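Student: Sequence order for the protein chains is G and S.
So the first sequence is numbered by my numbering: it starts at 14 and just counts up by one.
So the second sequence is numbered by my numbering: it starts at 14 and just counts up by one.
Misleading hints may appear alongside valid ones.
Each pair may be met inside one copy or between any two copies, as identical chains are not told apart.
Listed below are the simulated EDC-like cross-link pairs for lysine to aspartate or glutamate, each with C-alpha atoms no more than 20 Å apart in a straight line [as the list claims (entries may be wrong)]: (1) Lys233 with Asp431; (2) Lys337 with Glu139; (3) Lys240 with Glu309; (4) Lys240 with Asp312; (5) Lys450 with Glu196; (6) Lys449 with Glu196; (7) Lys87 with Glu309; (8) Lys233 with Asp183; (9) Lys287 with Glu276.
If you're looking for bench data, these hints aren't it; they were derived computationally from the structure.
All figures in this text were calculated on a predicted structure; none of them were measured in a lab.
Spelled out, the chains give:
There are 2 protein chains.
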Amino acid sequence: MVQATDMPRNESGIATVVGILRQQLGDRLQTGEAIRNQHGHTTTYIHTQAPDAVAFPRSTGEVAEIVRVCAEHKVPVIPFGTGTSLEGHVNAPAGGICVDVSEMNEILGVQAEDLTVVVQPGVTREQLNTHLRDQGLFFPIDPGANASLGGMTATRASGTNAVRYGTMKDNVLSLEVVMANGEIVRTAQRAKKTSAGYDLTRLMVGSEGTLGLITEITLKLQGIPEKISSAACSFPSVDAACQAVMAVIQYGIPVARIELLDEMSVRGVNAYSKLTLPEAPLLLLEFHGSEYGVTEQSDLFGQIAEEFGATGYQATTSTEERNKLWQARHDAYWAALQLRPGAKAISTDVCVPISRLAECVAATQAKAEEEGLVAPIVGHVGDGNFHSLLLIDMEQPDEVAKADAFVGWLNDLAISMDGTCTGEHGIGQGKMPYLKKELGPAVDVMRAIKAALDPDNILNPGKIVAAS
Amino acid sequence: MVQATDMPRNESGIATVVGILRQQLGDRLQTGEAIRNQHGHTTTYIHTQAPDAVAFPRSTGEVAEIVRVCAEHKVPVIPFGTGTSLEGHVNAPAGGICVDVSEMNEILGVQAEDLTVVVQPGVTREQLNTHLRDQGLFFPIDPGANASLGGMTATRASGTNAVRYGTMKDNVLSLEVVMANGEIVRTAQRAKKTSAGYDLTRLMVGSEGTLGLITEITLKLQGIPEKISSAACSFPSVDAACQAVMAVIQYGIPVARIELLDEMSVRGVNAYSKLTLPEAPLLLLEFHGSEYGVTEQSDLFGQIAEEFGATGYQATTSTEERNKLWQARHDAYWAALQLRPGAKAISTDVCVPISRLAECVAATQAKAEEEGLVAPIVGHVGDGNFHSLLLIDMEQPDEVAKADAFVGWLNDLAISMDGTCTGEHGIGQGKMPYLKKELGPAVDVMRAIKAALDPDNILNPGKIVAAS
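Just chain G, with the same shape it has in the complex (with noise of 0.2 Å):
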């Protein structure tokens, strides 16, 4: 598994820069450990390398000082939105300051007309959500977890809605980001289309902290549906419902989620959630739109997942069983965990053109059995997107290499379909050698950006094109 390289420190630098930062911030740079440690270790299996200092900085300016300061010294700056990433990506191998963004968590202005929003990156997903409920609007884009709109945009995050709404990249308008020299920019207009040169936007969006610091965020919103319904149903095996998945995506029936759990999933989730579903590989659905709308896109579903041997379909329009179900998916992670009590999960993040979705899940769950690994899964199938969490006891190296052997056979299974090592988690750290695999000289072209954007490789130094 991955021990993260740790790179060279520049001492003094660093020295200096806390001084500094210190006298203008106060109590609030952090430097006690636990703090430090925390900023470092995120949910993630690879090794933590803890920051110099953690900077919690209130407004734009203030990121652009820390960034000026720490480009003076040549310190790393590293950002920090609620630590849910999972490939290493705030850890600071060089040392240096951490910048944590929550508290930048104001909603500075919605455009209820334009369906946009203006925030700060320390904004999270439910914040946002809960502040827009009254205006009829919501934000979709959801990966689970809480995470903040900022680390969301750098990773470029998707999750359960994706299917139907897209990923980051589909749903920021414009950002302004402070850049290495601590210049501010602002990438583009608020308008929903534009041609006015590079896509800067989509550059920052899951550039993960490498090419600048994100310090303000226009999403695009959409309206609450009319009407939502859901719907479980389990199938026969997983190839079943993949071939049910890959028919729903081709018939272009627009699900708002189309999310898979293996039985072992299954098996985790009603344990942990108290749930009776059949032990079975189970898809679970929503549906967005209008009365009928709602209704045909779920009859149809229905048709298909017949056709494929599913049971037990039933879609509900109720909130509370709504809630139910999708409360236990996104608990799955936790539910999968309890499967191995003392296990640490580490997750795969693998997506294929969806022709090949069938064929990759069943290899993998062939390949986990093949290995003695217990190791679930769970995925945004309509994506062509899944996960398969490998439980794993970290104080067995056996084991841990078993894993890491495994988490780099699906990487080139995937990229051999055409597909990716990463559909929404990123590079960080522990992805670096697949994306060199899957892109082969793309990473020089990447390495070039980025050496002209922070040609003193102090953001986030050590993620995505660090890799020799």
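Here the structure of chain G is known, so what remains is to put chain S in place on it, guided by the hints.
Tutor: Then chain S, alone, in the frame of chain G:
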């Protein structure tokens, strides 16, 4: 009006490269004056700057070889699709080699199950849709002209369907690109979503040939809707029509097209296409969906239209009637030219947040009248994007100056409304001064990227970021 600046020419390099390429390509390297002029002069009002030669490669390998030869001798390379761009994109201000991709026009593969297709850059939009029809699929982006998909990608084109299906940025999955050093890069795999590093796909979409030459494009496709209906209705004023559009968007009706023609445009269209539409501001719509869904959308729109004083609203599912209406819309440019025989049309391209649309269109009409300019308006109003077509006698310097001032005034107005000077035409040469006004320091970031990826400035020089 823009008299594009000439740039210093590398005469000896150009002569050498023309010699080498002639040997390699034979009569697929053309140097006749007519063909050279045709490749600089497109549907633009900007002064022609012809390249020194036009190459017609047939493969990615040939494109890479052309770029390598040009790179070695520091000679400009200008990609060319069908030449329908409007802002001097294909001009050769420093001379050099135009790479016309019209012989790279193969559809390399349709992956119907994945709703994707892989094409060479010279494939045109109509060619692709003709090829797809039998499979029940279509590619939705429709800028009007039968442009090449390479050109559409390079300029981040959109058009009438973008309100529902997005722009090229939303419909390109992956690209193969020849970089400035001749290296061939693939920007992404064919999976529907990815978090694998920087979004080079989106960086290349809209880069107008200044960062690389697109040699292969993987596009998303859509299933042909079960039902299509279209509709037209007249409004008492442009303001009322725009208010109706705003209501449609805010209500979330998933219209496939919603186009505005102002009174003057309708007059032109009636004359040119032999129609008898009422001479009043007109909205043209198209609805895609199921039998019931289309009726539901159309009825809802009817109610909104009535609320804003519309008359004569009628929807039709007749393919013949629909094609007639949309043909008229697509011919609006040619129809406008007939309003003032001998004049040239200068198209503006602002796009504003939808809440500002009515105000922006009304101000544009008032200003044109005040200045005595003949300037019919058509617009992709669901996106807040509209074109004022200034009909100008280019022999009258006063009139040209007045048009120039008008374009500047309108771009400033849109920018002041948090909009853009270009919704879909791109920057090219013509919009460079406005890009700077619009995005300020972001242009320096773009320039740094350009310098990093094309240090000798050989890829379509003098465009987007070339202004100091």
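Student: Does each hint fit the structure? Answer for all of them.
Tutor: Right, here's what the structure says about each hint:
Only between protomers do Lys233 and Asp431 lie at most 20 Å apart by alpha-carbon distance; the minimum there is 15 Å, versus 30 Å within a single protomer. Taking the shortest alpha-carbon separations for Lys337 and Glu139, only the intra-copy value of 17 Å comes in at or below 20 Å, while the best inter-copy value is 48 Å. Taking the shortest Cα distances, Lys240 and Glu309 sit within 20 Å of each other both inside one copy (12 Å) and across copies (14 Å). In the homo-oligomer, the alpha carbons of Lys240 and Asp312 lie at most 20 Å apart both inside one protomer (15 Å) and across protomers (18 Å), since each shortest distance falls under that limit.
For the identical chains of this complex, Lys450 and Glu196 are inter-copy neighbours only, at 17 Å across copies versus 34 Å inside a copy, given an alpha-carbon limit of 20 Å. Taking CA atoms no more than 20 Å apart as the test, Lys449 paired with Glu196 passes between copies only; the shortest distance there is 16 Å, against 31 Å inside one copy. Taking CA atoms no more than 20 Å apart as the test, Lys87 paired with Glu309 passes in neither setting, with 59 Å inside one copy and 60 Å between copies. For a Cα distance limit of 20 Å, the shortest separation of Lys233 from Asp183 qualifies both inside one copy, at 8 Å, and across copies, at 14 Å.
Proximity of Lys287 to Glu276 under the C-alpha cut-off of 20 Å is restricted to the intra-copy arrangement: shortest distance 16 Å within a copy versus 64 Å between copies.
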